[in-house]
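Engineer: These are the residues of each chain, in order.
Protein chains: 2
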Amino acid sequence: MRNKIKTIAFDADDTLWVNETYFQEAERQFCALLSAYLPAEAAARELFHTEMKNLAIYGYGIKGVMLSMIETASRVTEGKASMQLINKTIELGHELLQRPVELLHGVAETLEQLQGNYRLVMATKGDLLDQERKIKQSGLQGFFHHIEIMSNKKVENYARLLKYLNCAPENFLMLGNSIKSDVLPVLELEAFAGHVPFTTTWLHEQHDAKPEHPNFIELASIADILQHLD
Amino acid sequence: MRNKIKTIAFDADDTLWVNETYFQEAERQFCALLSAYLPAEAAARELFHTEMKNLAIYGYGIKGVMLSMIETASRVTEGKASMQLINKTIELGHELLQRPVELLHGVAETLEQLQGNYRLVMATKGDLLDQERKIKQSGLQGFFHHIEIMSNKKVENYARLLKYLNCAPENFLMLGNSIKSDVLPVLELEAFAGHVPFTTTWLHEQHDAKPEHPNFIELASIADILQHLD
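So the protein lines, in turn, are chains A and B. To convert, count from 1 in the first sequence and add 51; that's this note's numbering. To convert, count from 1 in the second sequence and add 51; that's this note's numbering.
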């Protein structure tokens, strides 16, 4: 593959910068708010259930999570939740939306090495404005030829991106922390995909089995991709 | 101008299809939910105040409005709002997010006439997933060379769009219902802009004075643009 790759796309959340850690922290705090009604583990299950129910109309991102938290609080307390609990939930969301961006180890150095030799693209999902904020704050914007904020990361979304980039699958490499969103749909298009593990993965993104595919690259960290491209 | 225009961009909400009417209906219903606490007019003012306060972190779109409604309900009732009121507010949002798309008069016919002679683009703001849903449902997707969902419609956002489209300002015409978002920033770039009035305009988008600019075109309806381009 090595000399075929021309365009490298990067997932953003939990690949370039920390994200899931903050979400899980907010979720823990939310579940603690409900502790008078049900154990934290059950509250987390209820929240996940609400999020999955609403995913088709809310899509990904913090605002949808906030709304699902409020709906969950109302349901599990059978309408007995106080408005103070709702206010605190909104505050948790506002904190998430304003949290400074924390780059992951080796990211800036790796992009610097790749820059000039490859066309670099960011391909991320989530709230439009929130992702734009994080891109600006990250200081990484200048590395990228194009930034795509996607409503989803299915095969058809990647096919559209490749068409837009005018890039053949054999010239495209996607790097990300989610086997489900960053790897499998890309391999299905016969493009290349590298998995960069992050410490925690959202339940919805979990996918245990590593794919058996000649275009799949397993990486220990983002900087490892440099060795594969040499 | 007539023979210079090569690319025509269309705003979507209230230019191609009905939007503000539904938002105002939802807002009226929300204010009615608060009628035990304050008059509808005061509730609407409070909601607008909350929306403006949150605009920088939420951006445009239904999910942000839903969250601002919940926050407003909590504040104006001094924490006495019932969870039933919150549930009803969430329902109002879910209805908005699932409302069928209603094309405005003359839209499909006008796009059909322009297609082939001009590169047509859709340039809209709002929730990513919700706008994608409306585009799909509208049946208009095939007319457009490119669809841009923008986090905002300021001069810098249009400058980025023109750069991406590789289009000089003198070859670009924007059509939309908001003087503030679809006309003024476009004229500032010395591109062309046409105003297609809609029956109602969101307070945040209101702008009384029509611009005095040689590149400004006032239209009574979207089909009128055909005469200006002949």
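It is worth saying that the hints were derived from the structure and are not from the lab. Keep in mind that the hints are not guaranteed to be accurate.
Any copy, or any two copies together, can satisfy a pair, since identical chains are not distinguished.
[To be verified] Calculated cross-link-like contacts (lysine to aspartate or glutamate; reagent style DMTMM-like; alpha-carbon spacing at most 20 Å):
1) LYS261 / GLU122
2) LYS55 / GLU160
3) LYS261 / GLU76
4) LYS214 / GLU122
5) LYS187 / GLU221
6) LYS104 / GLU256
7) LYS139 / GLU129
8) LYS187 / GLU263
9) LYS261 / GLU153
10) LYS104 / GLU183
11) LYS139 / GLU199
12) LYS205 / GLU163
13) LYS131 / GLU153
Engineer: Which earlier hints can't be squared with this structure?
Structural biologist: 1, 2, 3, 4, 5, 8, 9, 11, 12, 13
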